[in-house]
Amino acid sequence: MLRICFFQQKDNKKVKITRMNKWLKNNVLPMGWVKISLRDILTLEYGKSLIALDRENGFYKVWGSNGIVGTHNNFLVEGPVIIVGRKGSVGTVNYSAENCWPIDTTYYINSIKSLSPQFVFYLLQHLNLPGLDKSTTIPGLNRESVYSQNILLPPLNEQYRIVEKIEELFSEIENVETNIYDIKQRLDFYWQTILHYAFCGHLSHEWQVGEIVNNNSESFNSIYEIPPTWKWVELDTYANFIGAGSTPKGGRSIYIHSGIPFIRSQNVLHYSLNLDDVVYITDEINEKMSRTQTQINDVLLNITGASIGRCTYIPDSLEQANVNQHVCIIRTKPNLLYKYLSLYLNSPAIQHLIKKWSSGATREALTISQIKSIPLPVCSLEEQEFIVSELESQHTILEHIKKTLEKKIDQIQMLKQSVLNKAFTGRLVSQNSNDESAFELLKKIKAERLEFAESKPKEKKVKKNKEKMERTKSVLELLKEAQKPVPAKELWQQSKHWESIDDFYTELKSISDSLEQIKSKTEILLSLKK
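So for the sequence shown, the numbering used here puts the first residue at 89; every next one is plus one.
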């Protein structure tokens, strides 16, 4: 989303004032332009429900609030059409030149032919529609909030010139942006390569002399070869403690503004601990959770969800903390450096192994027994220290380069915003006295909207059909009614959670002890244990 905002603090909420609105107050209108509100030219139509179960693979794209979510053999609206996120990814603006099907989490615009659709698309991007979401629970975009936005409308011919100039400039800008992202990907690949070779022994050749230790057991040979002076062991052999955290009763309601840091999976990144959004628990709760209290230099490993496998350690500066059930604590013995282990668990081979082990029908998850059995290549403490030193040196350099690139990306976004700001205040292209005035354009738009409204069939309120009523049932209720195992995907789409995969997973987890999984060649079937 491209936008420019100023922020003022008021009642703990960010009040957004666009540069366009500020410009409108202090400047004369460009020649042929007119100041209006969006309600004067646009109508946001509701998309229509089309759940995955009802879609048939076809030529026409199905659009959700954040982009394409599938295809269908029929379309709802003719292109070109602008799709605006109504729920979920509120205010996200997408453009389809082709016939398509916007679903009921979106609004769509395609009723006015007297405007350049690409002009409207860029205009809506510039207006920062996500900032109009006033809901405190479920994100949502109110049409009246959109309609009330004030804009400057140029003549139609100038709209085309503006779009042409925006696309010309954006093409050049995005080419630079693509190159920067390519460099970032190459840096990531370079780091993964260094990690791999480090734990194959290629960074520390000078240490690999002396007595040969032949401990490459057959169970570990499938990972990779290590120097003869190293040995393979199971992680549990070199750990004093391995255990998952827990979440106290009350969930989010027990969090406080200050106290004992409570580390969650979002805080554990690849070889870094991000405490920007850390939550806190009281001393009393922390004492009750003594088993999951961290110690300095503990290794933390995410063991569930999308972030599974991310690994870091507790720094010296964090004397007290606790962890939730999505994070595992690994406390190493003196003959294994915590940084060596943390770097190793982030290496490509182990990340691949974790992904392989953790695939499941309900949630990606690692068990404690799997963690204990992770194969670990061990060398002397001196060699471990050398490897850690070399890797951290490289990591520091790479992170510095990444931060520099991220600053460049921020500058690129600011440049895009500057282009849009100039475009919609009449400063991107020159005005032409031969262009038909926007006042005349408004007359055409008004007539066209009236014609469209009169030709639009009146919607009739219909009762929910039986199929939709059935989607009020829980997963447990559906499984109790099922005569045979049900595919996981089908179960989700028939349940009351059909609009939220996260809610579906949450219920699956709550009844996991009662579930039985059957893996076929193409899918996973679920049923209740007998």
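For the record, the hints were derived by calculation from the structure and aren't laboratory data.
Check the hints yourself; a few may be wrong.
Ranges of calculated distance between the beta carbons of each label pair, as one might list FRET restraints [to be verified]:
1) Asp365 x Leu469: 20 to 26 Å
2) Asp365 x Glu524: 50 to 56 Å
3) Gln381 x Met502: 26 to 32 Å
4) Phe147 x Gln519: 39 to 45 Å
5) Glu536 x Gly146: 44 to 50 Å
6) Glu565 x Asp270: 45 to 51 Å
7) Met502 x Asn238: 22 to 28 Å
8) Tyr269 x Leu530: 55 to 61 Å
9) Asp365 x Glu536: 47 to 53 Å
10) Thr560 x Glu494: 34 to 40 Å
11) Glu569 x Tyr312: 20 to 26 Å
12) Ser481 x Ser461: 29 to 35 Å
13) Lys607 x Glu322: 23 to 29 Å
Since the structure is predicted, the reported quantities are computational estimates derived from the model, not experimental observations.
Even for Gly, the Cβ is constructed at its ideal location relative to N, Cα and C.
Evaluation of the provided hints:
Between Asp365 and Leu469 the Cβ separation comes to about 36 Å, which falls outside the hinted range of 20 to 26 Å. Between Asp365 and Glu524 the beta carbon distance is about 52 Å. The supplied range of 50 to 56 Å therefore holds. For the pair Gln381 and Met502, the supplied restraint of 26 to 32 Å is violated, since their beta-carbon distance comes to about 44 Å. A beta carbon spacing of about 42 Å between Phe147 and Gln519 agrees with the range 39 to 45 Å that was offered as a hint.
Under the hint 44 to 50 Å, the C-beta atoms of Glu536 and Gly146, about 31 Å apart, miss the expected range. In this structure the supplied range 45 to 51 Å holds for Glu565 paired with Asp270, their Cβ-Cβ distance being about 50 Å. In this structure the hint that Met502 and Asn238 lie 22 to 28 Å apart at CB holds, the actual value being about 23 Å. For the hinted restraint 55 to 61 Å between Tyr269 and Leu530, the CB-CB distance of approximately 42 Å leaves it violated.
Distance hint check for Asp365 and Glu536: the Cβ-Cβ separation is about 48 Å, which falls inside the suggested range of 47 to 53 Å. Hint check: Thr560 to Glu494, Cβ distance near 46 Å, so the stated range 34 to 40 Å is violated. Checking the proposed 20 to 26 Å range against Glu569 and Tyr312 shows it is violated: the Cβ atoms sit about 50 Å from each other. Distance hint check for Ser481 and Ser461: the Cβ-Cβ separation is about 32 Å, which falls inside the suggested range of 29 to 35 Å.
Roughly 27 Å separates the CB atoms of Lys607 and Glu322, a value that falls within the hinted 23 to 29 Å.
Hint check: violations occur at hints 1, 3, 5, 8, 10 and 11; the rest are consistent with the structure.
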